[in-house]
Amino acid sequence: MAGAPSQNRQRTRIWLSMGGLFSWLAQVGAVTWLNLKNVRQRLGASLATVVGVAGVVMVFVGVLSMAVGFQRTLESTGRDDGVIVLRGGATGEMSSGLTLEETRIIGDAPGILSNAEGRVASAEVFAIVGVPKRSTGTDVNVPMRGVDQQAFAVRESIELVEGRRFEPGRNEVIVGTTAVREFEGLELGSKLNWGEVEWTVVGIFAAGGSADESEIWADAKVLQPAFRRGTSFSSVHLRLESPQSFTALKDALTTDPRLTVNVFQASEFYAEQSQTMTALIRGVGYLVGALMAVGAVFGALNTMYSAVSSRTREIATLRAIGFGAGPVMISVLVESLALALTGGVIGAAVAYMLFNGFTAATMNFQNFSQVAFAFAVTPQLLTQGAIFALVMGLVGGFFPAFRAARLPVATALRRL
Amino acid sequence: MKYLHLIRCNLTRKKLRTSFTVLSIFVSFLLFGLLVALRTGFGQGVEVAGLNRLLTVHKVSMIQFLPIKYLGFIEAVEGVEAVTHWTWFGGYYQDRRNQLIMFATDAQGFVEVFDEYEIPIEQQQSWLANRTSIVVGHSVAKRFGWEIGDRVPINTQMWFQADGSPTWEFDIAGIIGAGESGNDGQVYMHYDYLKQAGPFTEIVQQPEGVGDELGAVSMIYLKIDDPDRAAEIVEEIDSHFANSPAETKTSTEKAWAQGFANQVGDLATIVTAIVSVVFFTLLLVAGNTMAQSVRERTAELGVLKTLGFSDRKIMALVLAEAFILAVVGGLPGLAVADFVTSRITLGVAFIPQIYIPTRELWIGVALVALLGLVTGVLPAWQALRLRIVNALASG
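Chains as they are written, first to last, in my numbering: chain A, 1 to 416; chain B, 1001 to 1395.
Keep in mind that the hints were calculated from the coordinates and are not lab data.
Please read these numbers as outputs of a predicted model, since none were measured by experiment.
Do not take every clue at face value.
[Claimed, not checked] Using C-beta positions, here's what the derived DEER-type ranges look like:
| no. | chain 1 | residue 1 | chain 2 | residue 2 | range |
| --- | --- | --- | --- | --- | --- |
| 1 | B | 1377 | A | 38 | 30 to 38 Å |
| 2 | A | 354 | B | 1332 | 31 to 39 Å |
| 3 | B | 1332 | A | 310 | 41 to 49 Å |
| 4 | A | 353 | B | 1272 | 17 to 25 Å |
| 5 | B | 1152 | A | 181 | 39 to 47 Å |
| 6 | B | 1118 | A | 196 | 17 to 25 Å |
| 7 | B | 1378 | A | 402 | 29 to 37 Å |
| 8 | A | 242 | B | 1150 | 48 to 56 Å |
| 9 | A | 104 | B | 1152 | 37 to 45 Å |
| 10 | B | 1373 | A | 398 | 29 to 37 Å |
Glycine included, C-beta positions come from ideal geometry on N, C-alpha and C.
I would like the entire structure built from these sequences, with the hints used as guidance.
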């Protein structure tokens, strides 16, 4: 029984401090609520902040979604169990060349998957044809690839959506779905004149959204004479029994005295191709985003400072009747964060509606030809946009909040 | 002039707001400058293409080779003053990422066809005299710190020396002046030197039957005497080679440059579109703040009027204030953008140098003035119409 009074006292103390916390929270709630309710009175300036932040987030997300889409397209082109063999020193198919003999030696290397028709390896010829782009009407470089029938086994994602495959030995081509969409005159049944030969489009293929869909395919043996390539090839694309056999294959090929070749894992090869362009787009996105953010933060600061100064009397009155500096400060911060987040959400939503799935074609400098890709506004990008907005709100609200908290009550009231 | 003090007092009344406004304007114009530079980078060459220059490439695509003997016919076409040819070398310096826009050319024809390129005559002569020499664009030389007389090793993935080496040594004979063209990011070597390329190269790069030995080139440039006859000359060349193993496609340099820019196309357009939207959004926000600051002072303007300031004088005061804000923010923004863009390279081949063309700089300056006018004119007009009684009452 002796401990009871002290226990009671302790409980009281806890209650009191809890009460303090509650009343502090209640203060924060009250002031913040009052604040947010009054935003309407400062609509013009608040709207300017919202629009500014929305614009920044929209552009930021939009530009980065372009980079993500480009990267995704190229990365989905290469599989882990895919391998690309080029001439030694070459890093792209454009600057590579292999003789028929060399492609045969490569096809016999260990670790390559086999199917009913033999080794899953395709010796390919990479060429470029000029085709008008729909959006501009001017000729652009479209990749044209001569392949072996095994190419379809190397890239399992290839799927004919219209027509049929080209027949070996005939002047027939199949065209990727994005190529049909981005470039003129490649529809099923079209006749095309490239390299002294008339080609007929006999099929349209999809390839799981990869860069292959931007290409035109024909039989390598028909392409070689038409493009005067003799019996030479650009590359060998092959598929491994498993991704683990890559090292063994690479060692076998690079130590073979009859060959001087570069061996790439397909996944890495295409990831690297996307790097330059992705880095450039990302750089533009971050630079532009950062610069605009500076402008938007100035806008937010302006808005919040004038909000604080127009509420001088109100804040001073609140302080005079017992509201603490903390709740006043937090209320200003919350208002700024709320405005920025509203802008951020609007900006991200607009970016999603405008850009997600938007397709564009650009030059892949590594092989000097067009690659079409779809913008990808991912959840990560949307989150990044929202966080970016909150950071702008925080910076834009912090200093005005500080000023509000330090407002000298007596002077402010005297101005009444 | 005596009103300057008044304007200064008005601007420094709310220092913080004034500086924020100035800074947002600064950032907007910095962005404008960078954007213009980027766009120029993507669309390089379109602006500077000579009207009297045509070029001929293989009809199927620009990577196919043309027989060098085609030059003979083209040179003889009436109205053609000079011809030269370019062949893509695919060179890079030290690191693969330092890719060069490098062509092998017929130097004598080159200096005739590209006669506006700024190469001092003695450098030109030393280039013509030395088979292993190159002339390099001003910005390339600056980027790698190259000077005339230097001997530089350049690697290529496409052409190999007879011994199989991918490394070629070059003497720098001349530097192509920066000029206004911005077309100074390229390197030109002698085609005769390229002929040294070993036999292995021929298997890869030399399509059989196109020429004798190493007789193939990427493109042929020609200078014509009368731009109005371009269409006829194009027709004459292309119809002559029609139905031959290597059909040709001839176009004006401008159309070609535009077509090449379109290859990068969409990307540049999209970036341009969204960034310009934001440029104007930011200006709108800044403009709103400027207009607001004048509105807040309605009562004061009334006082000035009471003191005998004429309507016009008050309007001028308000306009001047807006102008000063725009100029103090905008011009440094443009200047910094110009400074930055003239000193960085993107590290992407084909977009070697970004810069702001003088014309676009002036557009920027005009936009600065327009901003001052637009943000000042509405409050100034309100100030003009202000009746003293109302103005004083609003305080």
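Hint check results:
1. A hinted range of 30 to 38 Å holds for the C-beta pair residue 1377 (chain B) and residue 38 (chain A), which are about 32 Å apart.
2. Evaluation of the 31 to 39 Å hint for residue 354 (chain A) and residue 1332 (chain B) yields a pass: the beta carbon distance comes to about 33 Å.
3. The supplied range of 41 to 49 Å is broken by residue 1332 (chain B) and residue 310 (chain A), whose beta-carbon atoms lie about 31 Å from each other.
4. Take residue 353 (chain A) and residue 1272 (chain B): their Cβ atoms lie about 20 Å apart, and the range 17 to 25 Å holds.
5. Between residue 1152 (chain B) and residue 181 (chain A), the C-beta spacing of about 45 Å keeps the proposed range 39 to 47 Å intact.
6. The beta-carbon spacing between residue 1118 (chain B) and residue 196 (chain A), approximately 42 Å, falls outside the hinted interval of 17 to 25 Å.
7. Distance hint check for residue 1378 (chain B) and residue 402 (chain A): the Cβ-Cβ separation is about 33 Å, which falls inside the suggested range of 29 to 37 Å.
8. For residue 242 (chain A) and residue 1150 (chain B), the Cβ-Cβ distance of about 51 Å falls inside the hinted range of 48 to 56 Å, so the restraint holds.
9. The hint said 37 to 45 Å for the Cβ distance between residue 104 (chain A) and residue 1152 (chain B), and at roughly 40 Å that hint holds.
10. Distance hint for residue 1373 (chain B) and residue 398 (chain A): a CB-CB separation of about 35 Å, consistent with the stated range 29 to 37 Å.
Comparing the model with each numbered hint stated earlier shows that hints 3 and 6 do not hold.
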